[in-house]
Amino acid sequence: MKMNVRKTAANTTVLIVDDEPSIVIAVEFLLQQEGYKVLKAFDGNAAIKIAEQHQPSLVILDVMMPGITGFEVARKIRENPDLEDTRIIFLTAKGTTADKFEGYANGAEAYLVKPFDNQELMNNINEMIAYG
Amino acid sequence: MLLLSGIALWSDAQATKGNKLTTHPVVYSLSLAVYCTAWTYYGSVGRAATSGFDFLAIYIGPAIFAPIWMIVLRKIIYISKAQRITSVADFISSRYGKSTTLGIIAALIAVISIIPYISIQLKAIAAGFDILIQSSHLEATNIPFYLDAAFYIAVVLTIFTIWFGTSKLDPNESHEGLVAAIAFESVVKLVAFLSVGLFVTYSVFNGFTDLFKQASAVDKIQQLFIIKSSTSGTWEWIWMTIISMSAIILLPRQFHMAVVENNNPNAVRTASWLFPLYLLLINIFVIPIAIGGLLILKDTGIEPDTYVLSLPLSFGKDYLALFVAIGGFSAATSMVIVAVIALSIMISNNIMVPLLLSSYTMRSEKVVNLSNRLLGIRRLSIVVVLLLAYGFFKAVSLQYALVSIGLISFTGIAQFMPIVIGGLYWKRATKAGAIAGLSIGILVWAFTLPLPTLVESGNISGSLMSKGLWGISWLRPYALFGLEGMGQIAHAAFWSLLFNTSSYMVVSLMTRPSAIELTQADFFVDIYKYKDKTIEYEFFKRRAKITDLVGLLNRFLGEKRAKELLEQFEIDHQIKLSKIESASTEFINFTETHLAGAIGAASAKAIVSSTSKQDPIKMEEVFTILDQTQEVIRYSKAMERKSKELEDLTFQLTEANKQLKELDRMKADFITTVTHEIRTPLTSIKALSKILYDYPQLELSKRQEYLDIISSESERLSRLINQVLDLEKIQSITDVKMELIDFKEVVKEICHKFQQMIIEKNIDFTLNLPEEPLNMKGNKDRLTQVVVNLLSNAIKFCDSEQGKIQLTLKAQQDYFTLKIKDNGRGVPKAMERYIFERFTQVSHQQEGKPKGSGLGLAITKSIVEQHEGRIYLEDNHGQGATFVVQLPMYVMIDILDKS
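Read top to bottom, the protein sequences are chains A and B.
For the record, in the first sequence the residue sitting at position 23 is 23 according to the numbering used here, with numbers rising by one throughout.
For the record, in the second sequence the residue sitting at position 257 is 257 according to the numbering used here, with numbers rising by one throughout.
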């Protein structure tokens, strides 16, 4: 009997936030293949609401969205003590060093630039879920 | 003569004590009465006895003119004092750029006109003398000069004039003695003339009434004093009035007394009423004496010119006759003295000095003091003038009445009038114009007046009078260009002044004045601008050594006078000249002005120029300096304008810079946005195609869905690339081909193409087009794109179930409006501001992003603005979106229709 239960895909929820349905479709498919529970949001405000409700282990965030940006969503999540354990990965077309810096400064654990490599994205997600 | 000398000496002595009697306005007015010569004294009576009221004209002119002396004469005085002008010739030369040529011409005209005039004074004195000693007169031509009284009179007058007029070098250093003597003589001649008048009226006859009663009994006399309204008489009157107006100031002796000897410009005010009064008094008894003479001496054959003397003599009143003779003598001598002094100054300053200046001796450093030499020249001139006058007297004037020769002189001197008056008030007048006017005027004068006189007196024989010059009839001296019916004087004055004035004006307008002419013109015309200022009027940048200038003053004025002047200058300017090497402009001008007093403006300028270096001054510079105040204003305005321009330019530059920076930023933003927009579909395509590859056992429906997405995203990608290229093209090419098109047709065509799609989507489409064509200048392809973008947007965004679109096109005054209204969700308030910017898309949570690049409206806006129109979103209060496009109409101006 292990006290420290290792997290598995089956009991892990991942929130995907992107205003592009086609990207959400692609990422959702990849996560489902690994067995994750998937939640979806198409803009920043919806994302915050869902995150507060479901306290997902991981949020995959786009930056450029109508309404508030992904950076703001990340900050809001970090400000919420209930979401202390939630990990954040940025998945965005904004790829400059300055953008990456801003992403990490707002509390992200990883920053991936579109167009991404499916395998690389999944490796990042799996690692983060497994080792916190 | 002795009495005169006494008065002269006495007032000179008074003047040195500082008691300047001669600055008194009354003395000044009396000194102007030098105008009344023997011609007035004897000649008026003669004229009245032969032709009635004619004699009055030459007194009416000055009297009419007197009230405006304060304007004209005072201005001349101020100018002359400022520039130390010595004569009327000097005044003219000075005004027109200190021209030597003009000075010589003017001086010659003065000499030629005045010598006969002096000669008639000699005649008058001699005649009076002859009558007194009862010798047979009018035979002077036959006796040798050493027995001729007139000759001795001339000699005495010469000595007297030399003593009076050449005691001081600068005529501006007034001759108090001379002024006092002339004023005294004016009193004497007036009293004497009034005495004889009173004697005739009240002693010989019983007052005016008795006199006129007796006169009206004699038919011949009555005829004389009826004013005849003949044309020739009227013209003669008018012209004599005009030329005497100019004579009162421009006759050399008048100019000398009124201007050169004037030390108190405000005395002019008194003179302007006192002098006319004097003229009235001296003319009051002219007619009574003339009538008396005609009544009493009618059969004696006595010349009417001598009635003034003969009347008392015929009644045995010898002492009265003597007194009257003294009066006549006073009138004649005062005129002769002043006229000769004035002429001698002109001859020496305006003729001799300029001629001698080129000679070696005047410039030679060896000659230490030239002031005595200058006085010598002046004395010699006096002798020459009086000799010439005596010669003329012997040759011609015995045969003529006093008045006619006087009028010839008057008309000659009147030639100065246009250029003097023009010089005072017309800046544009040039030296060339003055020379032309003066020369032509005097030639016409010579041809129409003195020439016939010489012919008539038999000195020149020929048929000139009757047949004209070279036998051309319209060149007859008394009927030039066939103009007959005027008197001789009127005829000559009319033609000479007409030619004079017109050539003066025409040549002035045709020529450009030189720099010095411009400065002098400005000084003369705007004297009051300079008068109260201490600033120097001269704008020439001249450089000279102090020692050179002091040397000049020593040489021309004498060491004593020079020393006085230099001390005065040092006190006035608070400087020590010996300590300075190069002279200031003030000192150069000071030297020139004082030299001008001694040797005339033109010569002084030439001499000072020989020692000073004059920096070449450009016409432009002079023009700038002239009209200083105006120029300063204009200049400051120009500066203001310039600085405003600079400000504007700076502003424009800052704006341009801002715009460039903005453009730069926009470009960077654009690239970032474009790459972002390209990456998004690319990401979907890449991820989904990889999924399809990695999971070959994927169920068919999923596979189908992903392939669909890949296909549409690829389409989106290529559309995006096309539109980016479009937008760049529209914004970079500004000169699109514009042609006349009917916008209504464009809209109609598009609606037709969309018809199928509208029906398929079950949209309720309303189309409102106007009847008339909507002409405009535009590019059809681009405008088509505008309508297509807006219409497809409406189709895209209208309610998906019960779509409704309204398209309205209508003309307003000079533009027309296209409205496209849909019943979709409309544009959220927050987005309205950004709707026309690039890559702005309105998406809705549930539906996600609509298909499109986000460039459509940006492109539409660019095209509309290229057509000088505007596009905006109309507030619809949440009921769908209404896009409004306004474009300017092409207004055809149908000229044929209007007319």
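Everything labelled a hint here was simulated from the structure, so no lab data went into it.
Worth double-checking, as some hints may not be accurate.
To be verified - Keeping only pairs whose Cα atoms sit at most 30 Å apart, straight-line, the calculated DSBU-like set for lysine-lysine is:
#, chain 1, residue 1, chain 2, residue 2
1, B, Lys667, A, Lys100
2, A, Lys100, B, Lys661
3, B, Lys427, A, Lys40
4, B, Lys686, A, Lys40
Claimed, not checked - In silico contact screen, one side only, chain A against chain B (beta carbon under 10 Å); selected entries:
#, residue
5, Glu20
6, Met64
7, Leu91
8, Phe101
Since the model is a prediction, treat every value here as computed from it, not as a measurement.
Don't be surprised by glycine CBs; every beta carbon is placed ideally from N, CA and C.
Here's how the hints hold up against the structure:
Straight-line distance between C-alpha atoms of Lys667/B and Lys100/A comes to about 22 Å, which keeps the hinted pair within the 30 Å bound. As the CA atoms of Lys100/A and Lys661/B are separated by approximately 26 Å, the hinted pair is consistent with the 30 Å bound. Of the pairs offered as hints, the one joining Lys427/B and Lys40/A is violated, with about 95 Å between alpha carbons and a cut-off of 30 Å exceeded. For the given pair, Lys686/B sits about 20 Å from Lys40/A by alpha-carbon distance, which is consistent with the 30 Å threshold.
The restraint placing Glu20/A at the interface with chain B holds, with a minimum CB-CB distance near 5 Å, inside the 10 Å limit. Given hint, Met64/A at the interface with chain B, holds; its Cβ is 6 Å from that chain's nearest Cβ, closer than 10 Å. The restraint placing Leu91/A at the interface with chain B holds, with a minimum CB-CB distance near 9 Å, inside the 10 Å limit. With a cut of 10 Å, the hint placing Phe101/A at the interface with chain B is violated, because the nearest CB-to-CB distance is about 16 Å.
Going through the hint list in order, the structure does not satisfy hints 3 and 8.
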